[in-house]
Amino acid sequence: MMNESTEELLATLEQVTGVDAPEDASEEVAMLRESWLAFGQLLDATDEEPPQPVVQPRSVRRAGLPVRFIAALAASLLIAFGAWTFLNRGSNSNNPVVAPTELRVPVPATEDVAEVEKPSESMEIVDEFAWEDSFDENLAATSQAIRSAQAGWSGSNRRYSVLLDQFEQFDEELSDGSL
Amino acid sequence: MTAVEPIAADTERLTHWFDQHGAAVRGYLRGLVRRDDVADDITQDVFRRAWQARANYREQGTPRAFLLRIADRLVIDRARKNRPEFQLDEMGWLAAEPPDRLPTPTAGVIEKESRQELDTAMELLTSSQRRVLLLRFYSDMSFAEIAETLDCPLSTALSHCRRGLLALRQIISE
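These protein sequence lines map, in sequence, to chains U and L.
Per the working numbering, the very first residue in the first sequence carries number 4; after that it's consecutive.
Per the working numbering, the very first residue in the second sequence carries number -4; after that it's consecutive.
You can trust all of the hints, since none of them are fake.
Some residues of chain L that are not near chain U, with every Cβ distance over 12 Å (derived):
hint, residue
1, Asn51
2, Gly56
3, Pro58
4, Arg64
5, Arg68
6, Asp72
7, Arg73
8, Ala74
9, Lys76
10, Asn77
11, Ser123
12, Asp146
Computed beta-carbon distance windows for the label pairs:
hint, chain 1, residue 1, chain 2, residue 2, range
13, L, Leu119, U, Val70, 48 to 58 Å
14, U, Ala75, L, Gln47, 25 to 35 Å
15, U, Leu80, L, Gln15, 41 to 51 Å
16, L, Glu143, U, Ala74, 47 to 57 Å
17, U, Ser29, L, Ala50, 45 to 55 Å
18, U, Met5, L, Asp72, 28 to 38 Å
19, L, Gln15, U, Pro25, 24 to 34 Å
20, U, Met34, L, Glu7, 42 to 52 Å
Just so you know, these hints were derived from the structure itself, not from any lab.
Each residue gets a CB set at the ideal place from its N, CA and C atoms; glycine is no exception.
Put together the whole structure using the sequences plus the hints.
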């Protein structure tokens, strides 16, 4: 419930701040209206259009979804293909990848630094990619087999080389006319 | 009806709101914070919030009142965030938020004078008087709605308005 003074003040201020100029305005209403209009003029003089808001509607974001989905799918397929190729090559290839080896110096239990600086006696080859399972053994066996096959090939190759040398010698003698 | 249609309708409505009420929202904010850059920043935020809250907008009141209520709430929140004991009267937005850009070249001499006059006028008012007068000027809210927005009794809102107008007499007499 509004009391009488509040009701009266409300009526006055509605007249003061109304769009239309009040008719038969009291002295107070006229005075306050003058302030109100001056205030309004200042606000109008300084009003500016705001910059356009940067709002990305959800519809736009939804439109971008299939593109992202396709990109993610393509990336997944690419990764899967890469992994499959790598695994397949590792198990079927006749040219096994030689794991890089690294020379490491074991740190002695003693604090004698001089010992550490003499690595020749205690160096060992550590293959950091090596693991202990049957596959590793198979790989080592395959590698050895390939190496022996290569050695065999080198032997036969050497025989062929001798033959080729003889042919070359024969060719030279023929061209010299010494034959 | 597809799901795109309501979104398109919302987008259209928000665009319309911006065209119709963007300047009023910006003017209200500029009057409260007296800083163009801060006013622009919060105006962006108002429309962003309006977009987020579009599902809750039930055509109650007018769009301008809806937007100005968001604007008013954002200013209060921002003032509190900057300093818990921050009073809008003594707010010192300049200290709280240093300007990130110089005035635009379009701001001419006359406009600059108007701004200074407006700032002087705003200095004469308390934050509550400022809020009541600016809401009354920029929105089509009734005094009862303004009181509700300020979370105060109607008599208090009316008193703020009257005292504010009396304080503004000074700029007219000068």
